[in-house]
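Here our numbering is used: position 90 in the sequence shown is 73, and no number is missing along the way.
Don't take each hint at face value.
Calculated cross-link-like contacts (lysine-lysine; reagent style BS3-like; alpha-carbon spacing at most 30 Å) [stated by the list, open to error]:
id : residue 1 : residue 2
1  : Lys108    : Lys26
2  : Lys4      : Lys26
3  : Lys79     : Lys69
4  : Lys8      : Lys79
5  : Lys82     : Lys69
6  : Lys63     : Lys81
7  : Lys81     : Lys69
8  : Lys82     : Lys152
9  : Lys26     : Lys8
10 : Lys79     : Lys63
11 : Lys26     : Lys63
Source of the hints: derived by calculation from the structure; they are not laboratory data.
Just so it is clear, the structure is predicted and the values come from calculations on it, not from any experiment.
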Amino acid sequence: MLPPSHDITARVAPLYHSVIKEHGKISVTWFGPTPRVIVNDPKLVREILANKSGHFRKRKFSNGIVRRLANGLVSHDGEKWAAHRKIINPAFHLEKLKKMMPAFVACCNELVARWEDHVGSDEAKEIDVWPEFQNLTGDVISRAAFGSSFSEGRRIFQIQSEQAQNVVKMLNTLYLPGFK
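Could you build all of it, start to finish, from the sequences and the hints given here?
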C-alpha cells in the first residue's frame, strides 16, 4: 500500500500513472476499442488545446444523449466553433476582466479568511478544498456576472449541481459495448 501523500495520481489514475512512468510523457493506451493518446507535456498540451494548426480534431460523441449535453463551444469545430467563440470572446476581454478584479479579490479574501478561521494558529489541519473551490467558483461567477454573492444564489447552484450529478448517474447506467 502506498504511504499517505497529496500526490494522488498513482491512486486516482493508476493506469495512466503507470503508462506515463513506463512509456514517457507521450504514450498510448486503449479505452475499449478506442486508442487514447496520453500527453503529459504542458507545452504540447497547450499547442493541442490552442489547435491553431487544425491538425487536432475534437472528439465526436457517438452517444446521442452525450451529444445533446455536450453541445457547446468545447464540442464544436470549424465555423460553428468560430461563431460561438465570437459571441463569448468579448466577455473575456482584458479590460472587462480588469473591472472584475475587485470581485475576484473579495471572493479570494473571504475564502482565505474562512480557511484561517477553520485552521487557527495552533495546529495544522487539512481542508477539503473541492467544495471550497466549487463555492469560490460560484461566488466569482455570481459577483462578476450578476453583482450578487454566491450565498444569495446558492440554491440555484445547488440545483445545477444536483442536475449534473443526476446526468452523470444516468450516463453511468448506459451500456456501451467495449467501454465497461
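Evaluated hints:
At roughly 35 Å between alpha-carbon atoms, Lys108 and Lys26 are farther apart than 30 Å, so this suggested pair is violated. With a C-alpha separation of about 19 Å, the suggested pairing of Lys4 with Lys26 holds against the 30 Å cut-off. For the proposed pair Lys79 and Lys69, the alpha carbon gap of about 16 Å is at most 30 Å, so the pair holds. Restraint check: the Cα-Cα separation between Lys8 and Lys79 comes to about 37 Å, which exceeds 30 Å; the hinted pair is violated.
Of the pairs offered as hints, the one joining Lys82 and Lys69 holds, with about 21 Å between alpha carbons and a cut-off of 30 Å not exceeded. At most 30 Å may separate the alpha-carbon atoms for a hinted pair to count; Lys63 and Lys81 meet this at roughly 29 Å. Using a Cα cut-off of 30 Å, the hinted pair Lys81 and Lys69 holds, with the two alpha carbons roughly 20 Å apart. The suggested pairing of Lys82 with Lys152 is violated, with an alpha-carbon distance near 39 Å, which exceeds 30 Å.
For the hint pairing Lys26 with Lys8, the CA-to-CA distance comes to about 11 Å; that is within 30 Å, so the pair holds. A distance of roughly 25 Å separates the Cα atoms of Lys79 and Lys63; the hinted pair therefore holds under the 30 Å criterion. Pair hint Lys26 plus Lys63 holds up; C-alpha atoms about 27 Å apart against a cutoff of 30 Å.
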